[in-house]
Amino acid sequence: MSAPAYNRMELMICLASRYLEDDRTAVVGTGAPCAAAMLAQKTSAPNLMVMFEAGGVGPILPTMPISVGDSRTFFRGLAASSMADIMSSCQRGMVDYTFLGGAQIDMYGNINSTMIGGDIQRPKVRLPGSGGAGDLASLCWRTMMITPQDKRRFVPRVDFITSPGYLDGAGAREAAGLPPGTGPYKVITDLCVIGFDEVTKRMRVESVHPGVTREQVQENTGFELLWAPDVKESAPPTSEELRILRDEVDSLRYIIGRG
Amino acid sequence: MDPDVDKAREYFRQRDRRLVPKVTTVPEAVARLVHDGDYVAVGGFGADRIPTAVLHEIVRQGRKDLGLSGHTATHDCQILIGAGCVNRCDVAYVIGLEARGLSRASRRQFESGKIAVAEWTNAALAWRYRAAAMGVPFLPMRSGLGTDTMKESAAVEITCPFTGIKLLAVPALFPDVAMIHVHRADVYGNCQIDGIMVADDDLARAAKRLIISTERLVPESVIRADPTRTAIPYFCVDAVVEVPYGSYPGNMPYEYFSDEDHLRQWLEVEEDAAAFERFLDKYIRNTPDFEAYLELCGGIKRLQELRRTELMLHAAIGGGGAG
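If you're matching them up, the sequences are chains A and B in order.
Once you know that position 116 of the first sequence is 119 in our numbering, the rest is easy, because the numbers rise by one and skip nothing.
Once you know that position 219 of the second sequence is 1059 in our numbering, the rest is easy, because the numbers rise by one and skip nothing.
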């Protein structure tokens, strides 16, 4: 039997969903992270509790939300609370996973979603800013990213640290005063899956997607990547994952249509 | 913003406490309560449960040099900053409309240097409202330590007097005026909100002046029948305006979904600055009121579609999707 065909967005969503353990909590945004969480709920993590930063808790999502505060985020939910309540849950240590994105990410997993340029009062390119991202990256146990990988995005140094990764390396988060044991966990790109080296806290490639070479991965990165001793090939989506993703999670192809 | 809580107490000492009817019109409320130079905060979540009619009226009356709390400011930012009413902003989230794209008009305002910014996070601004609502000068938080965001804010690193850990102190934020859209309110301003609160319970208490726009006015008996539902009590409120479909083109939970076609129209027309000015003239400045705006956008027929989308009735009825 031949392997099922899939696009890059489908691959990233499937890979991300497999890292979400059952009986855990996740604060997610719109788009791919929400799709990954929904897929996890329908496969390996049926009791994954999904929350949204504006106050939605445990919805039975009828469709993909357009906003992390729209009515879908608490549709038949367990609670419709508030921003302060969700962020307090994160600060209290109750939230296991979050997903973030940004215009730039560096080797320590610091993310910039605020500006390109050097002067915040007169940015070359103004981006939306932290929103809840800086809070979630500070307070949730494990921060994940789903992102395309290229040199413009994977830079040696972000122009602005909006969401803290490991700052400038081992021990820096703790020294800054961020809660111990938190930080970037996995970066799922269209080329590979990246984790973080336990000693240096630098990005370390764990698996490379089918059809992608190590050279391609490095060429699309603006800094030197570390490599796990046993770099594997990323396991492609199963036909069951693809069926659920296409028929149940994103039947209108809002997200996976972009792959 | 001045986190001086004793000054705030003096202000709140003078605040009218009478249980009196406060129902008025949108133009009167804005003329009386929103002034040039005021610091403004908007309830809801960007394009979810927002007081659109009040925001339009601020533009229509030509308010300028406003400060804006950029707490998840999406379509509200697009209106106020896009139309040039704002000269300073506490940014947590601006110019973006989440999954929909970016507002070019508000981006131009920021990139031109016309808007003085401080950077915050959504939690920081929510907790700044809460500190003000509590009447304390700051709240401590563990978020944002080590980030450039907090270097560009007015937050101060402190040491916990009990445990010795590092914390960020974020100062109380007392907006001059806030505007919040709710599902129902009585004539005195007692309000019920269905679904998520976002930060509006705290914002209502933090604001020095508050305009409530409500989908429906209800008799006081509705409030008294279930006082656990009162999200905002009357003594926080200065004006109540009844605006059906008042969050349009935003989402109103359990009432109507966002008009994604119209929001896309905004994003597209903003590519060209002159075209956007003409658009603002047509849809806001030269439009007598919010009802006329709703008519321009398709009127009751369109609103009925959005209501069916929100309540997911299309499958049952057999019509097409609206959003």
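Please keep in mind that the hints were generated in silico from the structure rather than gathered at the bench.
Misleading hints may appear alongside valid ones.
With a straight-line cut-off of 20 Å between C-alpha atoms, the simulated SDA-like cross-links for lysine to any residue are [what the hints assert, rightly or not]:
| hint | chain 1 | residue 1 | chain 2 | residue 2 |
| --- | --- | --- | --- | --- |
| 1 | B | K1006 | A | Q124 |
| 2 | B | K991 | A | Q124 |
| 3 | A | K189 | A | A175 |
| 4 | A | K127 | B | L1151 |
| 5 | A | K154 | A | Q94 |
| 6 | B | K991 | A | T216 |
| 7 | B | K1048 | B | S1061 |
| 8 | A | K127 | B | A1113 |
| 9 | B | K1141 | B | R1125 |
Comparing the hints with the structure gives:
Note on K1006(B) and Q124(A): the hinted pairing is violated, with a Cα-Cα distance of about 28 Å set against a maximum of 20 Å. Only pairs whose Cα atoms come within 20 Å are accepted, and K991(B) paired with Q124(A) is accepted, the gap being roughly 13 Å. A C-alpha spacing of about 19 Å is found between K189(A) and A175(A), which places the hinted pair at or below 20 Å, so the restraint holds. With a C-alpha separation of about 43 Å, the suggested pairing of K127(A) with L1151(B) is violated against the 20 Å cut-off.
A C-alpha spacing of about 33 Å is found between K154(A) and Q94(A), which places the hinted pair above 20 Å, so the restraint is violated. Distance restraint check for K991(B) and T216(A): the Cα-Cα separation of roughly 40 Å exceeds the 20 Å cut-off, and the hinted pair is therefore not satisfied. Between K1048(B) and S1061(B), the direct Cα distance comes to roughly 27 Å. Violation of the 20 Å bound is thereby established for this hinted pair. A C-alpha spacing of about 18 Å is found between K127(A) and A1113(B), which places the hinted pair at or below 20 Å, so the restraint holds.
Distance hint between K1141(B) and R1125(B) is unfulfilled; the C-alpha atoms sit about 24 Å from each other, more than 20 Å.
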